[in-house]
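Turn these sequences into a full structure, and let the hints guide you.
Protein chains: 2
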Amino acid sequence: MNIRVELGGRSYPIRVVRGSLQEAGTFLSLNRRVLIVTDEGVPEKYAKTVAEKCLRPIIVTVPEGEQSKSFSQLEHLCRVMLEKDFTRTDCVVAVGGGVVGDLAGFAAACFMRGVDFYNIPTTVLSQVDSSIGGKTAVNLAGVKNIVGAFYQPKAVLIDPDTLSTLPPRQVSNGLAEALKMAVTFDADLFEIFERGEAMARLDEIIVRSLQIKADVVRQDEKEAGLRKVLNFGHTVGHGIESAAGLHGLYHGECVGLGMLPMCGETLRPRVLAALQKLNLPTKSPVAPEAILAALSHDKKTAGDKITVVYSAAPGAFEMRTLPLADFRRQIADAL
Amino acid sequence: MNIRVELGGRSYPIRVVRGSLQEAGTFLSLNRRVLIVTDEGVPEKYAKTVAEKCLRPIIVTVPEGEQSKSFSQLEHLCRVMLEKDFTRTDCVVAVGGGVVGDLAGFAAACFMRGVDFYNIPTTVLSQVDSSIGGKTAVNLAGVKNIVGAFYQPKAVLIDPDTLSTLPPRQVSNGLAEALKMAVTFDADLFEIFERGEAMARLDEIIVRSLQIKADVVRQDEKEAGLRKVLNFGHTVGHGIESAAGLHGLYHGECVGLGMLPMCGETLRPRVLAALQKLNLPTKSPVAPEAILAALSHDKKTAGDKITVVYSAAPGAFEMRTLPLADFRRQIADAL
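Order-wise, the sequence lines are chains P and W. Going by this note's numbering, the first residue of the first sequence is number 424, and it counts up by one from there. Going by this note's numbering, the first residue of the second sequence is number 424, and it counts up by one from there.
Warning: the hint list may mix true and false statements.
Since the list gives no way to pick out one identical chain from another, each pair is judged satisfied if it fits inside one copy or across any two copies.
Claimed, not checked - Below, computed lysine-lysine pairings styled on PhoX-like, alpha-carbon distance capped at 25 Å:
hint	residue 1	residue 2
1	Lys706	Lys567
2	Lys471	Lys567
3	Lys577	Lys645
4	Lys577	Lys651
In case anyone wonders, no lab produced these hints; they're calculated from the structure.
Dropping the structure here:
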């Protein structure tokens with residue numbers, strides 16, 4: 424299945440095919456210097472398979488986890504490219520999950536003010552969501568994605584076979600982002616989750632999620648309006664993620680929790696049931712106050728009000744600007 | 424005088440008026456949080472004058488010189504914005520020369536993936552050239568501008584009165600970049616330099632240089648073709664600048680030297696005379712071998728050839744791809 428993100432001169436193809444990692448050499452232009460960025464949690468064989476298709480590959484393996492989305496790793500990647508004499512016509516390939524994609528994409532955006540970037544996501548979260556759309560970033564002072572660039576990849580290659588090495592918890596974690604798209608944009612996709620068919624219909628979920636996201640990004644690349652809807656669940660989710668540091672919740676798990684306070688009365692129990700079917704948590708390990716405190720740097724706050732995405736029914740959404748007190752009450756009620 | 428850089432949705436105005444620093448509050452939108460970035464070499468009063476027009480100003484003064492174009496200063500500026508609760512609707516203003524503009528512009532490009540950026544250049548070099556066009560960057564491992572972004576300012580405010588505090592050597596240094604535009608694009612402007620009228624006609628030179636650059640950037644924002652002509656003198660110039668570290672030559676002085684080997688036989692003595700009229704150096708303090716060695720990371724090299732901008736007559740240019748041996752010979756002949 425091929426999907427295209429239509430962005431004029433920055434349009435690019437997404438290929439979703441089992442076994443396609445082996446096609447990297449034909450689908451991508453790797454006959455040059457290639458910085459392959461992966462992390463210690465990704466099976467080594469994926470990056471090696473890609474490296475075999477490159478004229479001059481250099482693999483950099485960063486530590487697993489959010490701490491790799493840092494200024495120091497960004498500088499490290501740029502230094503490696505400099506030392507290896509990369510020019511503007513060379514490229515960067517991310518092989519891994521969202522952390523690797525965000526970091527490698529930002530390095531590609533900055534090095535020589537932009538070299539080609541390819542994304543080969545190998546986790547459910549990155550395959551259904553983060554690998555397309557061009558959001559790249561690092562974290563700073565504990566605040567996620569606060570420094571980055573909108574920088575579109577030249578192509579995205581998705582091989583669902585790579586998901587077979589993922590622990591089940593990571594699969595569920597990624598599906599939370601697909602559930603987010605179902606709740607806000609696609610009632611039929613939501614039914615797949617409600618019926619508990621998500622694991623069995625993974626490839627279909629990947630494709631439908633990417634189609635939704637590609638369509639949103641086409642309409643609003645820089646998140647001036649519609650694209651903000653993709654933050655459904657993320658405002659509260661980021662708050663939980665920051666505050667829950669020691670509780671070790673994954674990003675998608677936090678987003679799943681974050682959706683609940685932002686659902687209408689009749690929708691909330693349905694989303695809760697869908698989360699349960701995915702074995703995702705439905706109770707926040709942190710209190711509403713801690714969530715709110717962690718949100719003070721959130722990009723969506725302005726003064727004593729907050730703008731959030733709200734859904735009353737599957738496939739529907741609206742933007743709501745709430746006083747922080749109301750927002751707090753909704754969190755307390757739902758979590 | 425108002426000039427407009429036409430770039431569709433990213434178009435912006437440039438205002439060149441003596442005394443206009445006092446108009447900052449009306450020409451720019453400063454009714455918000457404003458990070459003002461300046462350096463220790465810029466008279467404090469300029470940043471303070473701008474700060475008086477802002478709702479919530481924060482002045483950050485970095486050390487003078489290229490060493491401030493670093494990852495660590497970039498991170499510092501982002502941290503300050505984070506600590507001061509900057510949101511996507513706040514902005515960054517550069518008050519100073521090219522170093523401050525490049526650094527502050529890159530910070531604005533990255534913070535929250537882009538906040539508004541205004542440039543208020545206070546040196547000849549930044550007023551005639553670097554403040555417009557959207558090239559922002561930091562240096563890494565001694566290589567200039569190797570990490571950065573194309574990020575256009577929202578407006579550029581130029582007050583030639585600020586030049587009165589500059590030492591004469593800095594004025595000449597900046598005029599080298601205007602001479603570069605004259606040689607490649609504007610025979611009439613070149614005559615002003617030949618007649619030794621540059622100092623007396625500074626405002627006119629600023630406006631004409633900006634008009635040339637605005638026109639080039641409009642046609643080729645990302646330096647895919649025509650914009651490369653603005654690198655006239657810069658290939659050899661960067662080499663001298665890197666190699667001459669201890670000799671303390673300024674950027675424009677190196678660019679001036681760098682033009683000589685890239686001029687045709689009849690043009691070279693005329694450019695040499697123009698450099699002398701500006702009290703700019705005409706002999707390189709470093710040998711051709713050292714210049715070539717320093718060029719190995721230059722963005723214009725590819726294999727054993729190099730692509731350079733060449734001029735046979737004022738107002739004319741061509742791109743030439745030379746074997747490195749020929750390139751070396753031209754440097755040895757001219758410098």
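Quick one: which hint numbers does this structure break? Sort them smallest to largest.
2
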